[in-house]
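Chemist: Chain by chain, the residues:
Protein chains: 2
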Amino acid sequence: MDFFELIKRRRSIRKYKPDRVPAEVLEKIYEAIRLAPSAGNLQAYEVFLVEDRERLGQLAEAALGQDFLRQASAALVFCAAPRQAGREYGRRGETLYALQDATIACTYAHLAAAALGLGSVWIGAFDDEAVWQVIGAPKGLKPVAVLPVGYPAENPPPTPRRNWKDFVHPV
Amino acid sequence: MDFFELIKRRRSIRKYKPDRVPAEVLEKIYEAIRLAPSAGNLQAYEVFLVEDRERLGQLAEAALGQDFLRQASAALVFCAAPRQAGREYGRRGETLYALQDATIACTYAHLAAAALGLGSVWIGAFDDEAVWQVIGAPKGLKPVAVLPVGYPAENPPPTPRRNWKDFVHPV
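So the protein sequences, as listed, match chains A and B.
Using our numbering, the first residue of the first sequence is number 1, and each one after it goes up by one.
Using our numbering, the first residue of the second sequence is number 1001, and each one after it goes up by one.
Simulated from the structure, these hints should not be mistaken for lab results.
Watch out, some of these pointers could steer you wrong.
Claimed, not checked - Just so you have them, the derived chain A footprint on chain B, three or more residues with Cβ under 8 Å:
id: 1; stretch: 1022-1031
id: 2; stretch: 1043-1057
id: 3; stretch: 1091-1103
id: 4; stretch: 1108-1118
id: 5; stretch: 1124-1136
id: 6; stretch: 1159-1169
What the hints assert, rightly or not - Pulled a few chain A residues facing chain B out of the computed Cβ check, cut under 7 Å:
id: 7; residue: 6
id: 8; residue: 7
id: 9; residue: 21
id: 10; residue: 34
id: 11; residue: 97
id: 12; residue: 159
id: 13; residue: 161
id: 14; residue: 167
Virtual Cβ for every residue (Gly too), placed ideally from N, Cα, C.
Generate coordinates for the entire structure from the input sequences, incorporating the hints supplied.
Modeler: Listed below in structure tokens is the structure:
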């Protein structure tokens, strides 16, 4: 699907059909993530795949009770790898680039999911430590986004936005 | 262009033709930014448009001498608006969501530019304070990315990436 059409049609989907998303479809999302740009091409992020029902439930709790996570076929947890970016770029790498790398990677996954006809929604509200424990991530990784994916069982209307004249400032 | 084709073809472009990018084309980028998701739909970012030659030169200096910025038709400076996200979400809004909102917005702009046949490259290495002064941003806004755009005058090969099996971890 054309990029501009894709971003116009994308919605935040919080209801999913019970059907599982096949591994081959998830792999298309991973291939999209791969192509995301990163600072100095260091790819300072890691992605954790949660498909187990019990763990999805624990993720829902870690995400402050966002219970629709339990119904997702899978959830991808995007972690920044501050040490990875910090080795090359010091404090700016640790505090800015790693976080941006993981955020751009999640944006690519989010768009890829929509392009594949999947529903997903960006989850940012969670207890970092609790998410980190659910995925069993190595020390030093910082979860920055959770992206549940599944076949959509709702079709919400678009949400409002500012006019671009309200956020673009010619200088 | 199809999303997967688009991300496969996108390159970091640091050489630009002298032709100016018309306002109508830039507006298509702004419309893409508009559609970027944000935490609680607060859109905690602002975008500054720099087209003036002298200011582009100042930006190049603020970006630690990345002189190709001088040749770009325009540069978009993405700022996080921490107070905007902080009002609703406190410290997490200030330190995480605003930065992510601005980063996702820049990712959409970056992809839109590629879809429109423009060249661009994500610039993260700069002196925050110097960039902030060049754009004359209000107090409290934090520049997190600079995106020059122009018609591409180079066609670099793809850069290498990890295999997805190296960054996707099933748990």
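Chemist: Could you run down the list of hints and mark each one as holding or not?
Modeler: Now the hints, each set against the structure:
1. Using a Cβ-Cβ cut-off of 8 Å, 4 residues of the stretch 1022-1031 of chain B lie near chain A, which meets the minimum of three, so the contact claim holds.
2. Remark: the stretch 1043-1057 of chain B is confirmed as covered by chain A, as 10 of its residues place a Cβ nearer than 8 Å to a Cβ of that chain, reaching the required three.
3. Closer than 8 Å: that is the beta-carbon criterion, and the stretch 1091-1103 of chain B has 6 residues meeting it against chain A, so the requirement of 3 holds.
4. Requiring three or more residues with a Cβ within less than 8 Å of a Cβ of chain A, the coverage given for the stretch 1108-1118 of chain B holds, as 5 such residues are present.
5. Here the stretch 1124-1136 of chain B counts 5 residues with a CB under 8 Å from a CB of chain A, which clears the bar of 3, and the coverage holds.
6. Under a criterion of three residues with beta carbons nearer than 8 Å to beta carbons of chain A, the stated coverage of the stretch 1159-1169 of chain B is upheld, 9 such residues being counted.
7. Using the Cβ-Cβ criterion of 7 Å, the hint placing residue 6 of chain A at the interface with chain B is satisfied: the shortest such distance is roughly 5 Å.
8. With its C-beta approaching chain B no nearer than about 4 Å, residue 7 of chain A sits inside the 7 Å limit, and its interface hint holds.
9. This hint is violated: residue 21 of chain A has a C-beta 14 Å from the nearest C-beta of chain B, more than the 7 Å allowed.
10. Of the supplied interface hints, the one on residue 34 of chain A holds, with its beta-carbon coming within about 5 Å of a beta-carbon of chain B, less than 7 Å.
11. The beta carbon of residue 97 of chain A is positioned within 7 Å of a beta carbon in chain B (closest approach about 6 Å), and the interface hint is therefore held.
12. This hint holds: residue 159 of chain A has a C-beta 5 Å from the nearest C-beta of chain B, less than the 7 Å allowed.
13. Look at residue 161 of chain A: its Cβ gets to within about 5 Å of chain B, closer than 7 Å, so that hint holds up.
14. The closest approach between the C-beta of residue 167 of chain A and any C-beta of chain B is roughly 6 Å, which is under the 7 Å cut-off, so the hint is satisfied.
When each numbered hint is compared with the structure, a violation occurs for hint 9 only.
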